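J.: Chains A and B, in that order, give the protein sequences.
Using my numbering, read the first sequence as starting at 4 and increasing by one per residue.
Using my numbering, read the second sequence as starting at 34 and increasing by one per residue.
Misleading hints may appear alongside valid ones.
[As the list claims (entries may be wrong)] Just a few of them, taken from the derived set where beta-carbon distance is under 7 Å, the chain A residues facing chain B:
no. : residue
1   : Phe32
2   : Ala35
3   : Ser36
4   : Ala98
Bear in mind the hints are in silico, worked out from the structure with no lab data behind them.
Keep in mind it's a predicted model, so treat the numbers as computed, not measured.
Yeah, the Cβ is synthetic: ideal placement off N, Cα and C, and Gly gets one too.
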Amino acid sequence: MLRSLIAGLRALLHPSRRNAQIEEELTSFFDASVEDKLRKGLSPENARRAARIEIGSREMVRNKTWSASWESGVDSLMGDLRLAARQLKKSPGFAFAAVVTLALGIGATTAIFSLVQQVLMQSLPVAKPQQLWRIGDKIHCCEWGGYTQDPEYSIFSWPLYGYFREHTPDFSDLAAFQGGTPDFGVRRAGSSQPAQGRISQFVSGNFFHTFGIGPWIGRVLGDADDHAGAAPVAVMSYRAWQQKYGGDRSVIGATFEMDGSPVTVVGVAPPGFFGAMQSSYANPDFWIPLADEPVLMGSSSLLYQGNENWLDIIGRVRSGTDPGTLQSQLKVELHQWQLSHLADMSAEEEAVSAQAATASDAGRIGCGTTARRLSGRSEIAANRSGMCSADRLRQSGQSAAGARFEGQAAGGHSRGSGCIARTAGAENPG
Amino acid sequence: MGAENREVVQGTLEMLVLKTLDLEPMHGYGIALRIEQISKGVFRVNPGSLLPALSRMDRSGRIRGEWRSSENNRRAKYYALTAAGRKALEQECRQWGRQVAAISRILEA
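Okay, chain A solo, but in the shape it has when bound (with noise of 0.2 Å):
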């Protein structure tokens, strides 16, 4: 094998050295031939005869021997690409027009598939993923104010999270995160550089758990750094780490401030996960407990606010657990949350839910879309085993943190859009 490998490069170098050996053999099998025919008793003129008549064409005998090795089928493409060139050399203008457009063909596929790669197929790096569900089915980010949303609700207040996540033991994890990344001007404590703009994210405390994401080095955030009066914390992200602080170990405990205000780095998650969402740009250095929120934003601060909605919830559902079931028990829930704040809504909030409550179909408020969601059951079905679910949670995320696809994320929420959205990888069961 190697042996033919090397012998058949040296041919293809050298190929008039292949050429002179086989020549030579032809020639010493031609003398054997005529010699042998001498001593049998021939005239050396027929002796000769003979053996050019027993050889044939030296040309053919020439070739045959060449077409038996590997590398006449290298050399022939040589020489087919060498036509190629000169008949494209001959008309420039051709020539021009077929590599452009070969050229534009291949980078719009590349390019195109780079990005359906990185948004549908790449699977989430999250434990389980066909356990999570968001609630609400539609991108309204990054803020919607009052008590209603049109066509349902899709982003929530932290109250109306709370409330939830009280009520609802079906998940055994329900996690908030900001719809929106705000940019904080980061530096850390002490240092003499200028604040740096780091997009950072406020999450519950169980965002981490509810993923199956443990800490790179240091720890993950929990439920105890996500009450009022906690240490301020802030978990990085890997890329940030890397890419803005060198892999250096010593911001684990380190303190930096944000916005001014002394946030404790706690730990690094670890590499491949990106957040909830997935964004070309908008990736969250850091990952705030929204119980420092109100630290953070002082009084533009949102926390306490029943008709401000600035939080996608992601949960895990129990193993066992009905969608349609716990669709209809959130649809009641929400309901029961708008009635008990109708005090604070206006009169054509409180007319539409008012709407809402008689309405056999949830309407306008609350789950709307509850029943496409029960009738889309095949659909849903279909994506457990397609990809297009497989990006749910990333698809609402990105959509979520700026509407930058929308209109891929359009497509993908016509298929199996639901008051609580499947988020993740059907392709990933582990």
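Based on the hints, put chain B in the right spot on chain A.
T.: Same frame as chain A, but now just chain B:
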């Protein structure tokens, strides 16, 4: 050449060459001559098939060619069997034996 087919049976040329070289190293013409003689003229090997076969077998390491001077001081490429060639010969002989036996059984049935 006449109507009679004097080509070696298809697919057997390599085996015949290996067998011929099993006796002693030989150059191309010697191989052709030996096959013709031993087969009592039934088979005749022309250089158009012999030289490509030799080149192929040299490549695959079953034989090794070497330029030497022949009996009467002419240069010729002598081919000798390698260990791999010997093994291949054994294997091909066995297979050939099986095939011939099978064919005879079919023809005599």
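J.: For this structure, which hints from the list above don't hold up?
T.: 4
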